[in-house]
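Asker: When you get a sec, could you build the whole thing from the sequences and use the hints?
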Amino acid sequence: MSAQGFPEATAARRAIIVLACLGFVATMDLTLTALLIEPMKQEMALTDIDIGLLQGSAFGLAFGIASIPMGRMIDRYSRVRLMTFGLVLWTFAIVGTGLARSFTVLVICRVFLGVVAALLIPAALSLIADLFPAQRRAVMTSVFAMGQATGQAFGILFGGIAFDWLTRQVASQPDALDGLAPWRVLYVSAGAIGALLLIFLLSLREPARQERASDSLSFKAAMQALSEHKSFLVPLLIATIGATVVFQAAHVWSAPLLIRNHGLSPGAFAGWLSAIVLGTGILGALAGGQLAELGRKRAGRAGVLVPALVAAFAIVPLTMYAIVSGVATLAVLLALVLLFSVIIATVSVVAITLNVPNEIRGLALGANVLATGMFGATLSPTLVGFVSSALGGETQLGTAVTAVSAPAALCAALFFYISMRSASSDAAPALSRV
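Per our numbering, the sequence shown starts with residue 3, numbered consecutively.
In case anyone wonders, no lab produced these hints; they're calculated from the structure. Keep in mind the model is a prediction, meaning the values are calculated, not measured. Hints may contain errors.
Stated by the list, open to error - Have a look at the derived ranges for each label pair, beta carbon to beta carbon: (1) GLY273 x GLN398: 21 to 31 Å; (2) ALA316 x THR397: 20 to 30 Å; (3) ALA392 x GLY265: 17 to 27 Å.
For every residue, glycine included, the Cβ atom is placed at its ideal position computed from N, Cα and C.
Answerer: Right, here's the structure in full:
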């Protein structure tokens, strides 16, 4: 039984499964790249600053710059068609990464992947808001986040185990991969997964847009309508930037930390690290959705942000994971950082879908992508690389991670509090004019 105006329950459930798979694919390459960056670095003579540019600036700037136009397109055109085009482009870019022979080509591929991420993730979240009514939206958003978490875990597990196996094959039979390095083969294989998902994405139908007072707004009117929510959105976006800095630092640099500081090979930690990413991703997504809904029931739209505020404060001391001496301690602290980061990300998106009207929801989600991509994802890896170099080089990587992450988490907590206070005084999410 479906709510009035929303798709039938069976169709909505089928759609959320496909969207969760899309989240899987859209995030798989992020952890795959983080895991394989060391062999990429060795073959292509990259520096830590190069790594930061690839993982941060190239991807993050494209992610951020594309977010507003992509958000605008999401509000105006068929999201299913946009996602189909995006997945085709993603497949070509991920295969191109595996076949790249220069740093320039790697950068170009990362730029395309950033643009696609700026489209796929907000479009999927916008669809979820039109597939399910408000009381189910938080939980279904967490299902999509679970798909993202599974993709991240798969990238680590599949990447680590397959990389070690392929490395052994090349050692015994140098021509086993037709001259391709193991890390290159893994990227090409990831592209095949994206191509397979296209079959299922083509089966989706665009749902009717709900909770709209008008069919369309001009860009000027949309921006003016968005500005009416600035007291809620601006501090929320600043908070998500801080939280993204923390998450990206853990995401990008945990594998290099384990390899450099603890002497482990990718295969040696791929199993337990992927289990941490998967477990914290699923638990964080479920907890974030449930806690956001609990906060909504108890304190209205402002209460949705309480779990994000608490999680951000909790992360501050946990950033010590990067400088501890034992692998087991690192694993526990890192798991908690990732868990709270996923809760924050889930709660932040739910807060936007509940506080911003449908006519400008894609634009608001695009603004969230702009903030997290251009400033969070771009800043974090590059900043850690520069701080590490300033402190004395690669041996100071752990100190640099903590020095960047702890203040960022504290900043996130402060601005979540400010956004929460603003949400409590904002009017109900509806456009004041057409």
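Asker: Looking back at the numbered hints, which does the structure fail to meet, lowest number first?
Answerer: Of the numbered hints, all hold.
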